[in-house]
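Protein chains in written order, with my numbering: chain L, 314 to 750; chain R, 314 to 750; chain A, 314 to 750; chain P, 314 to 750.
Please keep in mind that the hints were generated in silico from the structure rather than gathered at the bench. Careful, some of the hints might be misleading.
Note that identical chains are pooled: a pair holds if it fits in a single copy or bridges any two copies.
[As the list claims (entries may be wrong)] In silico DMTMM-like links for lysine to aspartate or glutamate, alpha-carbon gap of 20 angstroms or less:
1. Lys-588 - Asp-555
2. Lys-642 - Glu-673
3. Lys-373 - Glu-522
4. Lys-417 - Asp-734
4 protein chains.
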Amino acid sequence: MSGLKVAVVGGGSSYTPELVEGFIKRQAELPLAELRLIDVETGREKVEIIAALTKRQLAKAGLDVKVSVHFDRKPALEGVDYVVSQFRVGQLDARALDERIPLKYGVLGQETTGAGGFFKALRTIPVILGICRDLEEVAPNAYLINFTNPSGILAETIVRHTKTKAMGLCNNPINMHLGAARILGADPGKVNMKFLGLNHLLWAKVFMEGQDVTPRILEAMSVPSGQAGTPANVAALPYDRDFLMTLGYYPCAYQRYFYMTPEMLQVEIEAAATKGTRAEVVKKTEAELFELYKDPNLDIKPPQLAKRGGAHYSDAAVSLISAIHNDKKEIHAVNVRNGCAMPDLPADAAVEISAVISREGASPLTMGPLPPQIRGILQQVKAYEELTVAAGVTGDRNLAIQALVANPLIPSIRIATELFDEMAAAHRQYLPQFFRA
Amino acid sequence: MSGLKVAVVGGGSSYTPELVEGFIKRQAELPLAELRLIDVETGREKVEIIAALTKRQLAKAGLDVKVSVHFDRKPALEGVDYVVSQFRVGQLDARALDERIPLKYGVLGQETTGAGGFFKALRTIPVILGICRDLEEVAPNAYLINFTNPSGILAETIVRHTKTKAMGLCNNPINMHLGAARILGADPGKVNMKFLGLNHLLWAKVFMEGQDVTPRILEAMSVPSGQAGTPANVAALPYDRDFLMTLGYYPCAYQRYFYMTPEMLQVEIEAAATKGTRAEVVKKTEAELFELYKDPNLDIKPPQLAKRGGAHYSDAAVSLISAIHNDKKEIHAVNVRNGCAMPDLPADAAVEISAVISREGASPLTMGPLPPQIRGILQQVKAYEELTVAAGVTGDRNLAIQALVANPLIPSIRIATELFDEMAAAHRQYLPQFFRA
Amino acid sequence: MSGLKVAVVGGGSSYTPELVEGFIKRQAELPLAELRLIDVETGREKVEIIAALTKRQLAKAGLDVKVSVHFDRKPALEGVDYVVSQFRVGQLDARALDERIPLKYGVLGQETTGAGGFFKALRTIPVILGICRDLEEVAPNAYLINFTNPSGILAETIVRHTKTKAMGLCNNPINMHLGAARILGADPGKVNMKFLGLNHLLWAKVFMEGQDVTPRILEAMSVPSGQAGTPANVAALPYDRDFLMTLGYYPCAYQRYFYMTPEMLQVEIEAAATKGTRAEVVKKTEAELFELYKDPNLDIKPPQLAKRGGAHYSDAAVSLISAIHNDKKEIHAVNVRNGCAMPDLPADAAVEISAVISREGASPLTMGPLPPQIRGILQQVKAYEELTVAAGVTGDRNLAIQALVANPLIPSIRIATELFDEMAAAHRQYLPQFFRA
Amino acid sequence: MSGLKVAVVGGGSSYTPELVEGFIKRQAELPLAELRLIDVETGREKVEIIAALTKRQLAKAGLDVKVSVHFDRKPALEGVDYVVSQFRVGQLDARALDERIPLKYGVLGQETTGAGGFFKALRTIPVILGICRDLEEVAPNAYLINFTNPSGILAETIVRHTKTKAMGLCNNPINMHLGAARILGADPGKVNMKFLGLNHLLWAKVFMEGQDVTPRILEAMSVPSGQAGTPANVAALPYDRDFLMTLGYYPCAYQRYFYMTPEMLQVEIEAAATKGTRAEVVKKTEAELFELYKDPNLDIKPPQLAKRGGAHYSDAAVSLISAIHNDKKEIHAVNVRNGCAMPDLPADAAVEISAVISREGASPLTMGPLPPQIRGILQQVKAYEELTVAAGVTGDRNLAIQALVANPLIPSIRIATELFDEMAAAHRQYLPQFFRA
């Protein structure tokens, strides 16, 4: 077999060095031949810095890989085997608006779960559909590994509106797995995770030596030091012990937005007033990272990158590509079509779930019906996601407001409407489907 | 066939005269022989006033019916054909607490949908289970027609935990039907309603001459004068037109608590500060009604009764009894086991739905899968109801808090916990399952 | 409202006089204005005899209805309110082949359930699709009441491949209802039937005064005199008592083909060798009927018509039209889309089921999951029906053979293949989809 | 971890040497400490021969394993880690009756699929329930690996009526996998199988390098030399090419009993008349094997054992035990509770399906809805299996006859009844549930 051709949409992302490191680490099992970094013209400077660093990383590793930079997407996708997508429509400036505007209305501006994530979805849906249309034409057998956020809503978009072979990815599962292992004092390889739910509304059951040890994780999470699997971008508020033990499932970091809404809102408000919103903080981190990346002596992923919330993301992506490519039949948590794995959710919907990964794709493990405390919120949020995709694909303002009203974090039709109108205007240039000439 | 024996649990309710009027109106089709008014000792004065008025009403109508008053429930249920239940555990004083305490936490105290309804459920579940256990022993073939609130949660309790033949009832469907007919300018008999959902989270599709005319109703509801089917106890805030037209289903009055939460909360807060909560207002109305009822010259249902939110309730109950008894195969909206009528909700759950009523019971009409804007909230609230029943039956504080957290009107674990503890203490005497010696 | 326009496809059928009688009986509730008899050129003689008799019937009843004869279908359907379809592609000669050829292979040639019914379906599917296409163009609001056999497979065709508002009809439900009432010694109006299943694989539960009295029907059917609801064309072999009592559901006459296959085959073989197959017998009856029909003094439905297997058919059709037209909300057993009424069968499949009939159509009653003894055979036969429709629509010989193999009455691939090839050749002129130029 | 304790119920089976060989081959990963051979008193001679051979096999391999023989089951199960069950109630003499009696009625006597398998199930159900009851008491954490036939019906019994952690096993999956690899000319490790269905009504999709290569297998199976995965006991009649290509799923050997019923019956009739039924043939093979086994110089599994239909069975069992024990997360095809893996079959039913095997048990892969040609027969046979389990557990003759009638190979109620009565009488001593004093 000849070498692999991999494209990265959003190649200028500050995460790319981790992705490259992932390929270097797995060089024995993934014969990378070409890496095509695709980005938009406005990101030219960044992607060229990244391309140069990538070449230095690969050279240091002694790998003969062709690295190229592209601003015209479709030809750059021709004949690729895998596409990793990690782009951000409107960059961090758009995210800053996502995070700031909702606060005026007393609602969370989180970039995936709240109103912020909703607008990120609306901006991104047309682009991901464009990528899929391109792939259907020029690389129909390619796998798309998406970790652009909101990863679950984008998976829903792809599953319902394209024929692309795609798997959505998130670093929550790996963070939760490592967090659980730490709490259990065990090698992660000895800890089995059964993931189920939606992206950023993910749950797990944890097993060790054949026993369900989830209660041990939940017990730990009720003290501040035991916050398993919480990434840098989410405030690690501890849980009420009784609540968590009765819940019975290990929640990912983001459930806090639903379960501790006023407290999390307060954290956002305070941050915005002092150190800035997450986007504003990350912007600084990014600027620093790119300064580092420019250094012609740098030929490895710099350790500073781990400070970003997306740690482990890229490594998870390369690990998944290897599982597909080498037909490993390993279990990964991915965002794919539900089928009947969780019968409480629609068969056609995308879910985040433990699945066996082989050359022919992802086979979700059967999860069965869920208890009401898990089921109700999952169903409500899935309905929100479906409406969001319907709005994002059609550009129908009324559907967008239905979606926001269906989001548990939006308290009323009035707030949904006012918020939509202000945010849509702010993001107008990235919402062509809503502002057709 | 010999005459019917009917028991009324909560016989001392101010609604009983309407119930009696219902039987009088249908005397040709319902051969009432006995009416047993059952109540608690603390309600002796009221039930005796009601019994006297009942006898005058029946006498005026020339009907020979045996009217009796009972404080020992089980023997009073022996051999009855139908039981109407309309009791209120803790009377209006308990309701006043339900309505006031939540306001301190910034959450709605509505007596069915909000935290208030939750506590009403916890108080009532042990009693309704007791009635069912009695019926299983002394009148296993009797039908229980329940319109004690929260009617949906009690139906869920009965369906999951007893073998009683029961149908839950509400006046929402009849109010919505009359409201739609008024908007359409049509005879209600020419307007077909297809009801689906849960009690107080009910939806309808409206048909006339074979056409779906639901949009005409929705259009009307966006102006203040067009509030179809809103009872006296719910603030008739108008809807945003685009929202309602896109929603596509005709909501009952109570959906406003979910869709206009801050506005409805404001109404409650203002009322509490001025005229008093609904319970406090009703208490006065009730006192006035009972003054009227005492009048030995009163021998009909006084017109003042219509001011209560429960108008049409008792008439709906007698109409339903007649449909069963006379095997009418009419369509009524009742709270019964879902089966597969709405596959988005659990088969074992109680739903409020259009069903064919015959001697052998209720056969729900098949509704099929629902669109996401309707589905998500129904599923979330059904999960809440299931948890509420689990908590109410077991007396498990942790389950009660899970239930509250699952209620879309409760914003966080912390508020759920504090609210639970304060309200449970306030209602302690009516919550034996939570405060076992 | 102006008078109704009704078209009859297969207007020259010997059943038409019963249909006309049905309209005459219901003249007070169905204001018939026009009756359009549509047939093929080769049936000109018969349809003209029928038209003349129809006019005499209507004249005698003093009704002013325009009766017309049409050989060009599409214009004749323009603007109609109801279409009754009761045609037979290839007439009784084709049926005779359906019945005789299978016997050579040792399999039943029954005209609905067996290989015979399979070929009747293949011949009829293109015609019913043509009718629906015509209606979509020239009378999109018309209801199609189909009782052409195999009624269930045609309903499946319509439901899956057209937008026509249609209800399939059969005389089994009415025969079963009358049969049950006779066994119970009760007025049919006092006997409630709950029908579920597929056309000619129909089951019922029977209720009287709120009690399930199905066992009384089953008990009766184990003696020769107690054969409830068996029409003239099905041998009324009695059932084993224990079998039927354990089965627990009241089967229609046609289940015998599955439960007593060798015995029913023997009956067919003997009949074919002596009095002729059913088609051959009916041909004689029909010839006699048409002799009667020609009599210019005949102005009513002659009593001899009742000898045909289809008794009650046309009356059921007019009764159904009246239920729709007058928005009666009566319960009729019809062949319509399942939705989730029987969750053991696909939602998109057609089923025969008790449904509430109103102006807006049929709402099936929720039936829920079925016990295995009923479920298995229903699911197997539904799979056969789906494959038959797929074959009939596409003209794919391989799908046709899959369908036959899925039929429980066909023992092997080899027999399915040989039988298909012989029968397809024999019916070649009526199977354009399989024999394209 | 201390060594494993493994019990073999039916330890005297001629297959045991293969099982022992399996443990020897996997000695590095499975630290076997004890092997308890459990059998009935009437099998004492055989189990002692096997115990002696087992000790020689283990000695030759240099393994220190305690081998013991037990006739009192419950104490012998105490504290075991794994139980392998491979017993045969009534030995080969009972099987000979299973195979011969049905032929008199013109129906197949196959030992798993036909009437023979039905009686094997009735005899075995009480025993497997006994084993599970024992395990619940004395080894509640043990895994039961059952490959006693009919493996699917026994899995259904265990899943519905016990709490035992069990996986049913069959050699069909491994035979099909090897057969497919042979046809593809590929290393089995490069061929991915997706198994779904029921035991002995199993289907597969086959993948290689990410492509669905099932059609290549089906193509091959239409010529006599291409019979993939057919064991010695099933006549390898080739399939009609078009039929199989249209079917689209790779059938296991046993589907021939349904698709080629008359031909397979003819094979059985001829065999019975010449070389004897399969049981009679196997009896001779077994006698010869036991002669070999007695040889004190024999210390390996003799190659002659491969002639039995059950080749690969025991190896599959040990491989499965290793997957559990070593938490391999490998995919094996096992008989376990369906859950929602195949939504066309009941959630509570046992199915044979590809599942991920880990220390905590089997997680079936989600399969989703099936096409009608596969679905109908699976649903019909599952209904038969459910009725069989109900009959076998209760000893209700009427349910037994319902089960037989639901079996696609039994043509009528009459034959089911007569066959049941004759066979029940013949097996009376092994059917205590049907012949209570």
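Hint-by-hint comparison with the structure:
1. Lys-588 - Asp-555: neither (34 angstroms within a copy, 39 angstroms between copies)
2. Lys-642 - Glu-673: Both, since 10 angstroms and 18 angstroms are each at most 20 angstroms.
3. Lys-373 - Glu-522: Neither. Shortest intra-copy (41 angstroms) and inter-copy (32 angstroms) distances fail the 20 angstroms Cα cut-off.
4. Lys-417 - Asp-734: within (13 angstroms within a copy, 32 angstroms between copies)
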